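Protein sequences, first through last, are from chains F and D. When you line the first sequence up against the working numbering, it's residues 1 to 462, in that order. When you line the second sequence up against the working numbering, it's residues 1 to 462, in that order.
Hints are computed from structural coordinates only; laboratory data are not their basis. Since the structure is predicted, the reported quantities are computational estimates derived from the model, not experimental observations. You can trust all of the hints, since none of them are fake.
Which bits of chain F does chain D cover? Going by a derived footprint, with three or more residues having C-beta under 8 Å, they are:
hint, region
1, 223-235
2, 328-339
3, 357-366
Using N, Cα and C, we set each Cβ at its ideal position, and we do this for glycine too.
Number of protein chains: 2
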Amino acid sequence: MSQVENVLAHVDANLEHSLSRLFDLLKIKSISTDPEFKDDCRMAAHWLADELTNIGIPSSVRDTSGHPMVVGHKTGEGKKGPHVLFYGHYDVQPVDPIELWHADPFEPKVVTRDDGTQMIVARGANDDKGQLMTFVEAMRAWMAVTGDLPINVTVFLEGEEESGSPSLEPFLEANKEELSQDVALVCDTNMWNRDTPAISIMLRGLVGEEITLKGPSKDLHSGMYGGAARNPLHVLSEMIAGLRDKNGHITLPGFYDDVPELPQEIKSMWDKLGFNTAEFLGEIGLKQAGGESDRSALEQIWSRPTCEVNGLWGGYTGAGFKTVIPAIAQAKISFRLVGNQNPDKIRSAFRAYMQEKCPADFELEFHPHGGDPALQIDINSPVLENGRKALADEWQKEAALVGSGGSIPVVGSFKDILNMDTMLIGFGLDEDQIHSPNEKYEMQSYHKGIRSWVRVLDELAK
Amino acid sequence: MSQVENVLAHVDANLEHSLSRLFDLLKIKSISTDPEFKDDCRMAAHWLADELTNIGIPSSVRDTSGHPMVVGHKTGEGKKGPHVLFYGHYDVQPVDPIELWHADPFEPKVVTRDDGTQMIVARGANDDKGQLMTFVEAMRAWMAVTGDLPINVTVFLEGEEESGSPSLEPFLEANKEELSQDVALVCDTNMWNRDTPAISIMLRGLVGEEITLKGPSKDLHSGMYGGAARNPLHVLSEMIAGLRDKNGHITLPGFYDDVPELPQEIKSMWDKLGFNTAEFLGEIGLKQAGGESDRSALEQIWSRPTCEVNGLWGGYTGAGFKTVIPAIAQAKISFRLVGNQNPDKIRSAFRAYMQEKCPADFELEFHPHGGDPALQIDINSPVLENGRKALADEWQKEAALVGSGGSIPVVGSFKDILNMDTMLIGFGLDEDQIHSPNEKYEMQSYHKGIRSWVRVLDELAK
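Produce the complete structure using the sequences and hints provided.
Put into structure tokens, the structure is as follows:
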């Protein structure tokens, strides 16, 4: 048996223990958003630092003004491969509505289905305790069998992911040297489906803007003024309508300048994923994809930028009718960015467009919300190749290289502050009910997740 | 002295008494919208019925399910001229905010300005007690001097105008024969300015629609679905934007079919009114008229139809930002109608337009609010000529034939139910603060208002 096969065999032989340790972590009520559970969060951090240290990865609990971080290192001279930073979070979402849980969210249990498959049910079973423990247990197996890790590893765990990570960026800034490694590994994403592992290679960025359009100096009676007084709701509607053309393309000048065409290689892969657009839309009550008419639905949500009205309001919105011409109309509008689109440039183009459409006697106010660029992993990078090889070996199926329509802030922070790329590999399923009652994680996800990381560590050393 | 000159002299000689009677009426707290003042409303009705009866116009208080009506008749054989129905309302608006009144709203007083002009200050001084008493006192003078009225008159006063007139239409329906006369006179409008009387010859109609546009079956995360899921707020904005072209014309097919061109005679009159568009817009903080670009502002508010968004809402409208694609977008939209535009036809055209723009997998729901046609008085009618002659004689200035951008519902009800046209003459000023603290009525409005009606009654008999 090769070394990696020995380690994998160790994983299989000790799965019960791995599960029992996960259960210990799941029992800790580390709800970061609720001050009542502050001590539980700290307890989870200490539990993890102790486990890592016991494995042979010296780790410590590091205070912040919020919940603490856990940082550990296992490094040595002369190793091949990159020095990786593994990221996960030990905090979990609140459990409300508690009455919809079939059992205590903090009393984890294994449920066996009729077909023999099993799932781990508890708050955090997937997000992110189950996922992060796949990496911890993979390291444990390597340490147990070989006394070392194939590559240098820094472990970095936070406890505020579910409450906006207020301490994350200050901590990265303050510990740049210690945390800046060759590449980050993040285990907080899903598989393509039950049988197909996935690596997220694209995360869309985001620019948000809140707009206040001020017209008449006060609300007007539409009988007395209607026809002469311009209506801010009408003007704002025109502005919004003009943001996209009839083919769903966004009209801001230069908007697509930094949007790369999808490489043919990726496009072919996506075509083969068997994505069922009708089913995807059907689940949300729709029949037709609504974005750029010359793009597939997968491109629309993964690799194409968007413009969305997230909120719009003005005038009388109560019961009955009021014939008012309102003084003010407001909107919240956001753009999802891809490729090299620059948030500042997009924000400026948007504001310039709005100003141009603004009647001379109206006023526009802008309030920015968020501005994160998209993240895209070089599909030819050796790290990605190692990851794909490891996953294909474990799952006997090529990993899907997927996009993710939303942003994962930590990935942006790693890039901005540590100038570090991230490889996102996770073993969750879309159906895992994260953030909802009866959150679960497939036993297969846990077992083969550990095995996958064993292989990834092995491949990265090659 | 001619008969009418005798009557006018009587008015002048008895002005103090006329004023004192108005004060008696103003002291009654007939706030129709507040149940606390139910008895006061009834008291006002009885006060008026008694006064009319004492004058020689037999009148009675007629119960409804709300506040009572007052109906009186003074008719005789062989009179020339039309049988008129005079309409007014004895109820008043609430007095809030009471702290902004300089004195008790129900303790009327005469305030003399530095230049010697006087005003009557009280809730209802103008709207509508002062205005309706101009007609009552004109009748009193005719009766006192001649023992009769020059024409047949029915007086019809309601007590629910400020609370939506719920009993009006049922009462008209139930008393059609008694109330259907040749023409209605309504005294609830303003003069063009302090020196220029006015007759309202156009009232715009109204069609209101509330729209619910349903897209996805639930609110969606714009990261996961943005680009593929069509956004109801974007669609609704496009629908609204498309309702008007770049020249401010409404795009609904057939919308202008029943909109008459303004007769040159009226257009010339309006051109001579000296309407100051910059001032009109400046008072509401605007510089440019926003409606049909080929129309003057006066036309825009008096003789042209409009489309207004009165309310628009959907998505996240609270503090901060939420990257949601909402399931629903809603709007309240209304059209002001002119000429012969048919409310049902306009409503149908609007709904057809919206349905045509509605994506196949979206749903539209419509909820109607109001549907009143515009009212336009034949400018060649003898009644109008009589009115113009009387006002010109009294004010030594041609009456302005004006439009009114808003609807006056009673005029529509008279037309619909009694098939009766209305001549609107009133002596209020725009500055009279009706519905607001320190409502007032010019002493000149009261005095010359009474004199004006004396002359109108005389002219109508010719």
